[in-house]
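Protein chains in written order, with the working numbering: chain A, -8 to 145; chain B, -8 to 145; chain C, -8 to 145.
Zero decoy hints are in this set.
Copies of the same chain look alike in the list, so a pair counts if it works inside one copy or between any two.
Subject to a maximum C-alpha distance of 20 Å in a straight line, what follows is the list of computed SDA-like cross-link-like pairs (lysine to any residue):
| # | residue 1 | residue 2 |
| --- | --- | --- |
| 1 | Lys1 | Gly75 |
| 2 | Lys1 | Ala37 |
| 3 | Lys1 | Gln57 |
| 4 | Lys101 | Ala15 |
| 5 | Lys117 | Asn16 |
| 6 | Lys117 | Leu22 |
| 7 | Lys43 | Gln56 |
| 8 | Lys117 | Pro13 |
| 9 | Lys1 | Gly115 |
Bear in mind the hints are in silico, worked out from the structure with no lab data behind them.
Only a predicted model underlies this, so the values are computations on that prediction, with no experimental measurement involved.
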Amino acid sequence: MTGVIEARLKDLGVELPDAAAPAANYVPFHLSGNQLFVSGQLPLIAGGPDFKGKLGADIEIETAQQAARACAINILAQAKAALGDLDRITQILRLGAFVNSAPDFTDHPKVVNGASDFLVEVLGDKGRHTRFAVGVAALPLGVSVEIDALLAVE
Amino acid sequence: MTGVIEARLKDLGVELPDAAAPAANYVPFHLSGNQLFVSGQLPLIAGGPDFKGKLGADIEIETAQQAARACAINILAQAKAALGDLDRITQILRLGAFVNSAPDFTDHPKVVNGASDFLVEVLGDKGRHTRFAVGVAALPLGVSVEIDALLAVE
Amino acid sequence: MTGVIEARLKDLGVELPDAAAPAANYVPFHLSGNQLFVSGQLPLIAGGPDFKGKLGADIEIETAQQAARACAINILAQAKAALGDLDRITQILRLGAFVNSAPDFTDHPKVVNGASDFLVEVLGDKGRHTRFAVGVAALPLGVSVEIDALLAVE
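Required output: the full structure, derived from the provided sequences and hints.
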């Protein structure tokens, strides 16, 4: 039996990947009280595009929106691994979004909307979050977006 | 009737702007238990300067300090919208400060002091916060500073 | 009498420096409920190297790993000042790691491992944390790494 949120993902045609294992001495999530901390997620999903590139230089906004969406999918994959059931999410409290940017790029919010819109599509009001969106000089592996998250859970 | 903190703002000649509505599928704040999360605020206040530019290239530190102060004013405007009464703030726990920087700029703390000094001026010890201050490659709309916040409230 | 964690530091030959005082109107830490927030720490320890430079341009990964380790040492120094006894740490919940990067640098996780490995070496499973690792355009004083932290404590 799957829960309401997983049924919604299925309706949207989204299959959660296996939660990515960290490549070093850190963990992908920590559950502390009713807060679930999720490590910065890259937009890499097995079998998917690699979403590398710098906004304002070598990747389009529309493609980077898909990258942000992939980060959000990986956040949900980590939440599933942490919680067992995504219905335990009561609120996405906060996203921290880092966009790989050329110095003159200014449309970071549009890029990050790829993650924000997806989370609201899946979780409804529980998916509405606070966030920051900034442009960084470089990201691991050269990906275009990295997003970490804090969730309230029950 | 206004509270102690709003009277203090009035003494300082600061009028809180209307809390800016987010331009996308996210929210400007979340109240979770006794923690108030505030989305990254830009230094844009209706009728004010636009505070665009990159430190070390096309904006002076003194101007960017005013930009950081404007971010802090917008954080308080969001807190007012969330709490009704700013006297419910028990502590500014944390600021995350992103400064739009040329690669050789190194005076980020001075810039962010524009926000830190203002919050202590208004809130006293309750305004003293932890923070990070870093230099990013680019920011939304080309502004010079973006700051998010976490507040303890009652 | 020193606790278990301080004995472990001694075994490793690590002496905690005096907790650095902030240079402005902010505080190095806040204890709120069972959460300890630690301000962004630079890799500066009195008598040590200055760890300045930009990855991909003028500092090697191995040196920057030592810088990340120095940030982690300073985080523990702040925790000691906040808690009195490092044995009160129940979990390092989260590190936010900013690496001073040339635009084409992509090995941020390797750099930040210098902090992650150290914290696990000292604290065992209590040292395993969530984290993000991103490449920023510039950092205060030109240092190569800045890391902030959130700890669960008792």
